[in-house]
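*Asks:* Given the structure of chain U, go ahead and fit chains C and V onto it with the hints provided.
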Amino acid sequence: MVKIRNRLLLLAATSLALALPATAQDKGTLKIGGLATLEGVFAVPGQDGMRGIEAALKEANYTAGGYKLEFIKASSDASPDKALQAARKLVEQDKVAILVGPLSGSEGLAMKDYAKTQPGTTFINGTSAAQDTTLRDPAPNFYRFWTEGAQWMAGLGEYIAKDKGWKRVATIGEDYSFMHTQFFGFALPYCNAGGKIVQRFWVPLGTKDYASIISALPSNVDAIWLGLGGGDAVNFLNQYQQAGGTTPLIGASITVDQSIITSKGRARDALKGTASAGPQADTWDNANWNKWVKLYQASFPADQRFPTPGLFATGYYISTKAMIDGLNGVKGDLTDNHKALRAWLSAAKIDSPVGPITLDENRQAIAVNFVTEVAEGPDGNLVNKVVKVTEPVNQTLGMDRAKFLALGPVGRENPKCE
Amino acid sequence: MSVTLGEAVTGAARGEKRTAWLSWLNPAYLIAGLLLLVLPALVGDFVLFSIFAWSLCLGMVALSLMFLAGYGGMVSLAQLTIAGIAGYMVAIFGTNGTGTGLGWPWWTVLPAAIAVAVAFATLIGALAVRTAGIYTIMITMAIAAAFFYFARQNYPIFNGYNGFNLVLPPKLFGVDWRQPLPFYYLTLAFATLSYAAVLYVSRSTFGLALQGIRDNARRMEAIGFNVVAHRIAANAFAGLIAAVAGIFLVWFNGGISPGSVGFGPAIDILVIAIIGGIRHPIGPFIGALIYALLSTFAMDLVDPIIGRERFKLIIGIGFLVIVLFSPDGILGLWDRLRARMAVSRDCA
Amino acid sequence: MKLFISTFLNGLTLAALYFLVASGFTLVFGLMRNVNMAHGSLYLIGGYIAYSVVEATGMFLLGFAAAFISMAVAGVLLQTLIFRHMEGQDLRQTMVTIGLSIIFADLALWIWGGEFYQIYPPDWLFGATAFPVVVDAKSNGDPVYFTYPIVRLFILGVAIVIGVGLWLVLNRTRIGMMIRAGVDDREMLTATGINIQFVFVVVFAVGAGLAGIAGVVGSIFSSLAPGEDVRYLLASLVVVIVGGMGSITGAALGALLIGLAEQFGSVYLPTYAIAFSFLIMVAVLAFRPQGIMGAAK
Numbered sequence: 533m534v535k536i537r538n539r540l541l542l543l544a545a546t547s548l549a550l551a552l553p554a555t556a557q558d559k560g561t562l563k564i565g566g567l568a569t570l571e572g573v574f575a576v577p578g579q580d581g582m583r584g585i586e587a588a589l590k591e592a593n594y595t596a597g598g599y600k601l602e603f604i605k606a607s608s609d610a611s612p613d614k615a616l617q618a619a620r621k622l623v624e625q626d627k628v629a630i631l632v633g634p635l636s637g638s639e640g641l642a643m644k645d646y647a648k649t650q651p652g653t654t655f656i657n658g659t660s661a662a663q664d665t666t667l668r669d670p671a672p673n674f675y676r677f678w679t680e681g682a683q684w685m686a687g688l689g690e691y692i693a694k695d696k697g698w699k700r701v702a703t704i705g706e707d708y709s710f711m712h713t714q715f716f717g718f719a720l721p722y723c724n725a726g727g728k729i730v731q732r733f734w735v736p737l738g739t740k741d742y743a744s745i746i747s748a749l750p751s752n753v754d755a756i757w758l759g760l761g762g763g764d765a766v767n768f769l770n771q772y773q774q775a776g777g778t779t780p781l782i783g784a785s786i787t788v789d790q791s792i793i794t795s796k797g798r799a800r801d802a803l804k805g806t807a808s809a810g811p812q813a814d815t816w817d818n819a820n821w822n823k824w825v826k827l828y829q830a831s832f833p834a835d836q837r838f839p840t841p842g843l844f845a846t847g848y849y850i851s852t853k854a855m856i857d858g859l860n861g862v863k864g865d866l867t868d869n870h871k872a873l874r875a876w877l878s879a880a881k882i883d884s885p886v887g888p889i890t891l892d893e894n895r896q897a898i899a900v901n902f903v904t905e906v907a908e909g910p911d912g913n914l915v916n917k918v919v920k921v922t923e924p925v926n927q928t929l930g931m932d933r934a935k936f937l938a939l940g941p942v943g944r945e946n947p948k949c950e
Numbered sequence: 010m011s012v013t014l015g016e017a018v019t020g021a022a023r024g025e026k027r028t029a030w031l032s033w034l035n036p037a038y039l040i041a042g043l044l045l046l047v048l049p050a051l052v053g054d055f056v057l058f059s060i061f062a063w064s065l066c067l068g069m070v071a072l073s074l075m076f077l078a079g080y081g082g083m084v085s086l087a088q089l090t091i092a093g094i095a096g097y098m099v100a101i102f103g104t105n106g107t108g109t110g111l112g113w114p115w116w117t118v119l120p121a122a123i124a125v126a127v128a129f130a131t132l133i134g135a136l137a138v139r140t141a142g143i144y145t146i147m148i149t150m151a152i153a154a155a156f157f158y159f160a161r162q163n164y165p166i167f168n169g170y171n172g173f174n175l176v177l178p179p180k181l182f183g184v185d186w187r188q189p190l191p192f193y194y195l196t197l198a199f200a201t202l203s204y205a206a207v208l209y210v211s212r213s214t215f216g217l218a219l220q221g222i223r224d225n226a227r228r229m230e231a232i233g234f235n236v237v238a239h240r241i242a243a244n245a246f247a248g249l250i251a252a253v254a255g256i257f258l259v260w261f262n263g264g265i266s267p268g269s270v271g272f273g274p275a276i277d278i279l280v281i282a283i284i285g286g287i288r289h290p291i292g293p294f295i296g297a298l299i300y301a302l303l304s305t306f307a308m309d310l311v312d313p314i315i316g317r318e319r320f321k322l323i324i325g326i327g328f329l330v331i332v333l334f335s336p337d338g339i340l341g342l343w344d345r346l347r348a349r350m351a352v353s354r355d356c357a
Numbered sequence: 006m007k008l009f010i011s012t013f014l015n016g017l018t019l020a021a022l023y024f025l026v027a028s029g030f031t032l033v034f035g036l037m038r039n040v041n042m043a044h045g046s047l048y049l050i051g052g053y054i055a056y057s058v059v060e061a062t063g064m065f066l067l068g069f070a071a072a073f074i075s076m077a078v079a080g081v082l083l084q085t086l087i088f089r090h091m092e093g094q095d096l097r098q099t100m101v102t103i104g105l106s107i108i109f110a111d112l113a114l115w116i117w118g119g120e121f122y123q124i125y126p127p128d129w130l131f132g133a134t135a136f137p138v139v140v141d142a143k144s145n146g147d148p149v150y151f152t153y154p155i156v157r158l159f160i161l162g163v164a165i166v167i168g169v170g171l172w173l174v175l176n177r178t179r180i181g182m183m184i185r186a187g188v189d190d191r192e193m194l195t196a197t198g199i200n201i202q203f204v205f206v207v208v209f210a211v212g213a214g215l216a217g218i219a220g221v222v223g224s225i226f227s228s229l230a231p232g233e234d235v236r237y238l239l240a241s242l243v244v245v246i247v248g249g250m251g252s253i254t255g256a257a258l259g260a261l262l263i264g265l266a267e268q269f270g271s272v273y274l275p276t277y278a279i280a281f282s283f284l285i286m287v288a289v290l291a292f293r294p295q296g297i298m299g300a301a302k
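Chains as they are written, first to last, in the working numbering: chain U, 533 to 950; chain C, 10 to 357; chain V, 6 to 302.
So that you can see chain U by itself, here it is in the shape it has in the complex:
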């Protein structure tokens, strides 16, 4: 009998203790979830993405809208199943109010559909850059403050065709949807500006031996558009140099990412002078950008980060900062399924480290894009030098929305470019 009574007392005491904090502080704690690929092939970009979130949270001192922010991390491995599992845990078990993420394209597509089933949570994209996440069938509570794969190539097609005068290009790309998107974003304006895609190679993800592809490359082209990322890009560049390749290269956005141009050894030498485009440029002389670079560098010790933030860190930083600013803007009003916050986010005009960002009617970012060239930096390392900053570009690349949708989803043969 005594045991039971003691247990009841303990139960009463703990419930009282748990109830107290809610009344003690201003608004209490608000749980925020962060999802990035901390496992598998994208582990390194994923870590950078997490750094972006943490930098934003540290900058705001882990408070926003009167709440104390509790940050819960979750990890995925670029597969939709794992991302959904992690999202479900964050949303249904940990009960986060807002989820920032995911990182990779196909995860984003799955996340968009999941968001439709969770109207009480607000989802802010990390850096996932598939087109259809917001272009077709968007979710009303999914916000993407970051441009997508096709937008990342804006400006490059015209630059290559008109400024460089390279009218014949062969392309090599990893055979998956994100690279199909990047190819689309490059080829559509390029072909409209008079360029010609002579031959296109699609290699399975994770191809290690490019020797035969390098041999098969046509020699009568002005340049080769290289759509490879991560280890694949380093392998290719290495083998390209070993084969004595001399045709100039054009890079997809992730081909000239931090993780590749800071890799040790000679492979990156092949990248010198490579033109590319992307949502950020390392050497942009802009007050906001410099402020973000300094914040990134100050938030983490030098051996736990890149010298300057990669695009994953920047994307996650901007998304988290939008969330924080939104919470502050509506003074923490999360009633009625975050109605006020969502209205604020939809109408937000963000002055970000990469220029002004607004959202279109599908909650997709409209932002400027940077055409870059890889150049040698002051300390002998490679950086992406800004060549041109485009006007703000939307998801339909300036075309009429109906006409753009009629072009069909991205794929190996889109655009035909005849």
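Derived from the structure by calculation, the hints contain no laboratory data.
If you're wondering where the values come from, they're calculated on a predicted model, not measured in any experiment.
Just so you know, not all the hints are guaranteed correct.
For lysine-lysine, the following DSSO-like pairs were computed, each having C-alpha atoms within a straight-line distance of at most 27 Å [to be verified]:
#  : chain 1 : residue 1 : chain 2 : residue 2
1  : U       : K600      : U       : K627
2  : U       : K881      : U       : K590
3  : U       : K648      : C       : K180
4  : U       : K948      : U       : K696
5  : U       : K823      : U       : K605
6  : U       : K796      : U       : K826
7  : U       : K796      : U       : K917
8  : U       : K694      : U       : K863
9  : V       : K7        : U       : K699
10 : U       : K871      : U       : K605
11 : U       : K627      : C       : K321
12 : U       : K804      : U       : K648
13 : V       : K7        : U       : K728
14 : U       : K605      : C       : K321
15 : U       : K796      : U       : K600
16 : U       : K563      : C       : K321
Reference listing, derived: stretches of chain C covered by chain U, where coverage requires no fewer than 3 residues with Cβ under 8 Å from a Cβ of chain U [stated by the list, open to error]:
#  : segment
17 : 49 to 61
18 : 155 to 164
19 : 167 to 174
20 : 262 to 268
Think of the CB as a built atom: it goes at the ideal place given N, C-alpha and C, for glycine as much as any other residue.
*Replies:* Then chains C and V, alone, in the frame of chain U:
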């Protein structure tokens, strides 16, 4: 009081039948069954759906592996592939997010998906029938890898790298079967059914012959059993279970992609079956529960110790410990514990 | 024509890498019936260790030695501490190696991180060499000679040297004779009074060491990163199955077949080339399970 021999015999037979009946009412089954039925009242929706319903789905796939490995002596790494084929067929024959589904009604989609998957399972069985031991593992691994790479590269049928989203169960009888509660009971029903089916088959003539083939194929051949036919039929039966599990998995995830049938997940199914124990059909479900719990909560548990990213290390060490010290998995540990308690009871 | 010659040579040199990885695997598999699923991890960790050594000392050849020795030691430890106690339990051994591979993969990720590492060959191996074969003409009439990367020829050379060396050891030395006898009939070998445990340890050590060397070669060729272990494990499996277990010649033949198939596939049938090599393996397993050079049972 004298009793005729005839009466004694019939009386004894009836008595035995009664005790045989009672043995099915094993108290463990009663307790477990009761707990599983009232589980929704004890745990929240997330745990119900993401842990228990998921364990039941994974457990069914692992059950198909256990059937082949435990009773048939064939360790097949292609069971997840068969489940994946069934899942892909549901996406392709039914409706999915890309709008390329054929849009058949559910009572055509499900049987068709199961039929295709079982056909594949039979084919795999036929290919693997002359292999044994490690070779079976390797050929099924190669088939699983071939399917993964094929599905990832093929856009016309399998939609390549992205796979399919928005593959959901039909709303029947006014119930949305994707909601945690109905989905849990649905998977519980089918998991129980497949568990009972495996138990029944294992004690049937076919099952006993299969176990005989496992132990000594040459002797069984000499007696007159068709070893090849038995093995292929076993693959078909296991394929049926895996196909049903695959349908539930695609509904659980709301979609399917090549990553669902990759090398890593296939090894995970093997790990689940081994950890649980392949000597009794309950083993895979125990293993699946442990896996689901670790996979979801390990990150939080190991975070303070060695960082949340190291949970794969924990799973690997756990698996290694089990294989080194208790090759029969958790069930083996349980058996040994019971034996030791029985010994101490006898000695006391 | 140039493309065909290039692709053929590429297939040859890729086969060289596959041979190096698979040779260790086939020895262990053939003699001890141990499907070492951690073979890929040995490849990866050997490569990482070589990278660290080359970075620290700047000596290219020291990397090879470091990889071989460290992985051979690992092999000795694995055989004596773990596998020795599980003889005959093929399935259990396979499970243990699976567990080990998961652990090693995560340890490697922890220590070396998720970046991709590459060992850069010294300058005398860099660039392409010209063959006195004319394949094209420039626009001004100058002949264009056929060029081929030197480092790939170097890798081919290394593989041939090691392959010949292994063949000599297996066919011309006493211990080689014991190993061949053990592959054919293990019980008989024990019955003749030979210390089979010693032979096992040597074979496992050499097999693991070969995996380490393959790791160094692979990192010159492409790069080291998480996931490479699974890829080269699968490649070894395919090669060994196609070629026949326990046979060095079989590993060479299997590697040639798979290497050429992959390279030609990547040019002429790029989309399904990888699936194709696995289907070759399935076909061999279904219709000639002992492989091309394996002895029929």
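*Asks:* Evaluate each hint against the coordinates.
*Replies:* Consistency of the hints with the structure:
| no. | hint | in the structure |
| --- | --- | --- |
| 1 | K600(U) with K627(U) | 15 Å, holds |
| 2 | K881(U) with K590(U) | 22 Å, holds |
| 3 | K648(U) with K180(C) | 17 Å, holds |
| 4 | K948(U) with K696(U) | 22 Å, holds |
| 5 | K823(U) with K605(U) | 26 Å, holds |
| 6 | K796(U) with K826(U) | 24 Å, holds |
| 7 | K796(U) with K917(U) | 20 Å, holds |
| 8 | K694(U) with K863(U) | 49 Å, violated |
| 9 | K7(V) with K699(U) | 25 Å, holds |
| 10 | K871(U) with K605(U) | 25 Å, holds |
| 11 | K627(U) with K321(C) | 25 Å, holds |
| 12 | K804(U) with K648(U) | 45 Å, violated |
| 13 | K7(V) with K728(U) | 25 Å, holds |
| 14 | K605(U) with K321(C) | 16 Å, holds |
| 15 | K796(U) with K600(U) | 41 Å, violated |
| 16 | K563(U) with K321(C) | 26 Å, holds |
| 17 | 49 to 61 | holds (count 6) |
| 18 | 155 to 164 | holds (count 4) |
| 19 | 167 to 174 | holds (count 5) |
| 20 | 262 to 268 | holds (count 5) |
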